[in-house]
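Make a model of the complete structure from these sequences and hints.
Chain residues, written in single-letter form:
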Amino acid sequence: MAAALINVQKTVRKGEIIEIKTLMAHPMETGFRTGLGGQLIPRDIIHRFVCTFEGVEIFAADLFPAISANPFIAFTFMPQQSGTLTFRWFDDKGGAQVETARIEMV
Amino acid sequence: MKRLAVLIACLSGPVCAQDSKSVSFDKRSTFDLMKPETQAMQRDDASNPAMLWVQEGRALWQAKAGSTDKACQDCHGDVASMKGVATRYPAYSAAQQKVVTLGQQIQFCRAQEQKAEPWTAEARPVLALSALVGLQSRGLPLAKTGPAEARAVAEGRALFTERRGQMNLSCAQCHDDHAGQSLGGAIIPQGHPTGYPIYRLEWQDLGSLERRLRNCLNGVRSEPWPSGSSENVAVQTYLRERAAGLPIETPAIRP
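Those sequence lines, one after another, are chains A and B.
For the first sequence, position 4 (counting from the first letter as 1) is numbered 4 according to the working numbering, and the numbering increases by one without interruption.
For the second sequence, position 168 (counting from the first letter as 1) is numbered 1168 according to the working numbering, and the numbering increases by one without interruption.
Don't read these hints as lab results, they were simulated from the structure.
Here a beta-carbon is modelled for each residue, glycine too, at the ideal position from N, C-alpha and C.
With a Cα cut of at most 20 Å, we get these calculated EDC-like pairs of lysine to aspartate or glutamate:
| # | chain 1 | residue 1 | chain 2 | residue 2 |
| --- | --- | --- | --- | --- |
| 1 | B | K1035 | B | D1045 |
| 2 | A | K21 | B | D1044 |
| 3 | A | K10 | B | D1044 |
| 4 | A | K21 | B | E1037 |
| 5 | A | K10 | B | D1045 |
Cβ-Cβ distance ranges computed for the label pairs, FRET-style:
| # | chain 1 | residue 1 | chain 2 | residue 2 | range |
| --- | --- | --- | --- | --- | --- |
| 6 | B | E1231 | A | S82 | 56 to 64 Å |
| 7 | A | F32 | B | R1043 | 30 to 38 Å |
| 8 | A | K93 | B | G1228 | 27 to 35 Å |
So this is what it looks like as structure tokens:
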């Protein structure tokens, strides 16, 4: 896994709902395609995405082979305090990409 | 009644066919033909997957490479200095004595200035740097070609209007004469290269104009021009001339 783009506002007011947008660079190889030699290309997808805020899970998703490459996941959240968002993508190769973003309550 | 007569004349065929040598219709970016969802995806950088390549390009811009241990920014400074550059490519390069695409110029810089291992023609880093440099010109109009590119433009125009492949079709027959009409459920675009490298949803990948041309050539069952060949660059140069004035959208999304 290579790179992620996270778009989230840095400051938030009490009671405000924010949208969090994430883009993850990943081939999302389905496991159904064949390569040049005719053999199946092994499946390699992100199968789980988890977002936690100060250690508490606020959003999670299971992903499947029909999801396109470079998956874009957006969701909303209403923070109650300042804190750190932690994003984790788990793929079939056993790798986990971790990114963080800080939100300040004003 | 007069209007009806014109309509009938149009429907009956070649009367309506436009002169392939000049594009007389209003130039429109393919962006206008896309579904609102796809347009929204391009408008919002946070949802545009091509931005992943731009981010990669930014890292490459600052990374020292090759035996001279130089990074792009050591000569060019901040990448913002590349504003307007992408409006002028493909362009004549005096050093290489030929018209080159932006990707080829990046490769040339890498070989000459950095003395680094060359990348393959459409390798990820080339696309990433092209996207980054192209992004600096977003919103600026594509520039008209100059006298140095005149030969390439003429060669490109000839190739564009030449029938080819088992389908015996020229580029112009679709993209000049029948642009805006339907082809198997899709609307034929005018084919202006305003957003390259593009993130094409069909490819699920970022791709160059060369890749897009290969796609069309395969479609008419014609042998694609070799990568980086003079034909390939000539057509790209003609397309730039043909699209002059349209704003750059790099990195664009296309279906």
